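Using the sequences provided together with the hints, build the complete structure.
Residue numbers (our numbering), protein chains in the order written: chain Z, 1 to 312; chain L, 313 to 624.
Hints were generated in silico from the structure; no laboratory data involved. Note that the structure is a prediction, hence the values are computed from the model and not measured. Built from N, CA and C at the ideal position, the CB exists for glycine as well. One or more of the hints may lead you astray.
To be verified - List of simulated lysine-lysine pairs, DSS-like, C-alpha gap at most 27 Å: (1) Z:LYS289 - L:LYS601; (2) L:LYS574 - L:LYS588; (3) L:LYS601 - Z:LYS263; (4) Z:LYS83 - L:LYS601.
Unchecked claim - The calculated label-pair distances, taken between Cβ atoms and stated as ranges, are: (5) Z:ASP26 - L:PRO415: 38 to 46 Å; (6) Z:ASN165 - L:GLU618: 48 to 56 Å; (7) Z:ASP288 - L:HIS427: 50 to 58 Å; (8) L:PRO415 - Z:VAL159: 19 to 27 Å; (9) Z:PRO103 - L:ASP433: 54 to 62 Å.
There are 2 protein chains.
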Amino acid sequence: MKKTEVDKLQEIIRLGSELVDIQDLDILLERILRESRMVVNADAGSIYVRDGDELIFSQVQNDTLQAQLPPGQKIIFSTFRVKISPKSISGYVASTGEILNIPDVYAIPADAPYHFDSKYDTLAKYKTTSMLTVPLKTNTNDVVGVLQVINARDDFGNVVSFDWNDEPFVLHFAGMASMILQRAQMTRALLLRMISMAELRDPKETGAHVNRVASYAVELYESWAQRRGTSQTEIEKNRDVLRMAAMLHDVGKVAISDLILKKPARFTDDEYEIMKSHTFLGARLFTDKQSVFDEVASTVALTHHENWDGTG
Amino acid sequence: MKKTEVDKLQEIIRLGSELVDIQDLDILLERILRESRMVVNADAGSIYVRDGDELIFSQVQNDTLQAQLPPGQKIIFSTFRVKISPKSISGYVASTGEILNIPDVYAIPADAPYHFDSKYDTLAKYKTTSMLTVPLKTNTNDVVGVLQVINARDDFGNVVSFDWNDEPFVLHFAGMASMILQRAQMTRALLLRMISMAELRDPKETGAHVNRVASYAVELYESWAQRRGTSQTEIEKNRDVLRMAAMLHDVGKVAISDLILKKPARFTDDEYEIMKSHTFLGARLFTDKQSVFDEVASTVALTHHENWDGTG
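Here it is as structure tokens:
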């Protein structure tokens, strides 16, 4: 059934206020894609996220294929990666920042810069026809991904073209998705900058040590969590946060003089006290908490020299 | 005139796609407040932004007062600051995170925790009656500000209460405003963290030196820009970016050993070469550009030892 304007309005309004309640990036993108498809009556759709010069499938939804699966089962899609080049449809949109509204992907003129790769249709046993693809652009005009809706349907369920009226709606959702992706990127960037600065401080040792400690921390966490019966999704999320936080456990060492930090002999008592200050000096850097990463990183920096019983 | 549902939908859709095109925080908040007021037919409204334990007026709009001014002139409001406490309406919303939909601010029950401060009405010669106030919450559940719409009007221009139907609309716009404020905060946080780390490295000198250089840079820029006839708004924006960037001009010094950095005597040739590397090592920290701050900071870090003619 085609949505009325009032239905659309209600959906859009509801999503707007939900976006601040949901923390999880994947759940947010899943919701945005679902709402975009609902509003323009699309059978299927995807969100791709940019990773360097590639696009990665982040969300894939397809009502027709989903209906063929047992209840509760999700569509399985390998994490396809597409090189960003104007030759593919999503790559064209990502590299030019333009919108593509294609009535029939099997009837793209031969002289178009992009063409449709029918490999995915063959693999999925699906027939893609109409396709509306828009870039996910940030306010600094960077493309962070692509949102694509596939096979618009009329009131009788027949596949039709996407209307030019549909474009502003999809662009609205693309705007939401871009903001959310940008926020996630900045959250990571904040810690990555700090890691880079800490590495500059001590390039020979820090890099290797930091990665070693992060790997140990993640290993320890994983076997502890598995024994406690934590779900795999939960484990994966925490693992990511913990890895970043653990990489910053020694960040407070920027405050310690080389004379102490690199002293080949034993510390004097005074030097030892100064050395120990790297824990709370490090933790203090995260006072202005921007995300859950900062919470965890602060705790790790403060307590990474403690014993299990709180002494140390 | 009361908006139809279709009008509202079009406004909301348009705003969603505009949000990624506009870079400027004030312009964005101005647009969001205007759209919120239009959709719920409010005569006036404000956006407050949180600064520590205070709220600062960021946007003030009032159609009645505006109509009394000569064309082109804006409402002048001193930058009021309100302590965040449950005693004021905006403070209550900011501290509890609750919505307040008040039919008549002059009829708030005496036992309510909050009360209306009629001082602003007296100052502005305005009569506030109905008021809908919602928090601007981030996905980490922090309140970063408050959005308030004032004096809903019916089709005949009479002041009426805000309907419960209006709340989701205002919350939708509040969601947009929160995301935008959070993005702006993270942009600043990214640089402030780096400044804090650089200060840890050399707490005695860095803090004072950094502020001195930033002030010189801003002074120089201002008189240069004024002579060129740059607008005051433009100058103020650039000044803010330049100040942050200038504070990071020496950030690459985290890479330089204390043995060189704090050497009381003259550098050897080798030491001097190492010392000079703080320019490009610093600039490299901003490679993964997150905002215009990073562009400027990278340039400042790289070129701050150059002469005007490019030598140095």
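Notebook entry, point to check: Going through the earlier hints one by one, which of them does the structure break, listed in rising order?
Noted result: Violated hints (numbers, rising): 3, 7, 8; every other hint is consistent with the structure.
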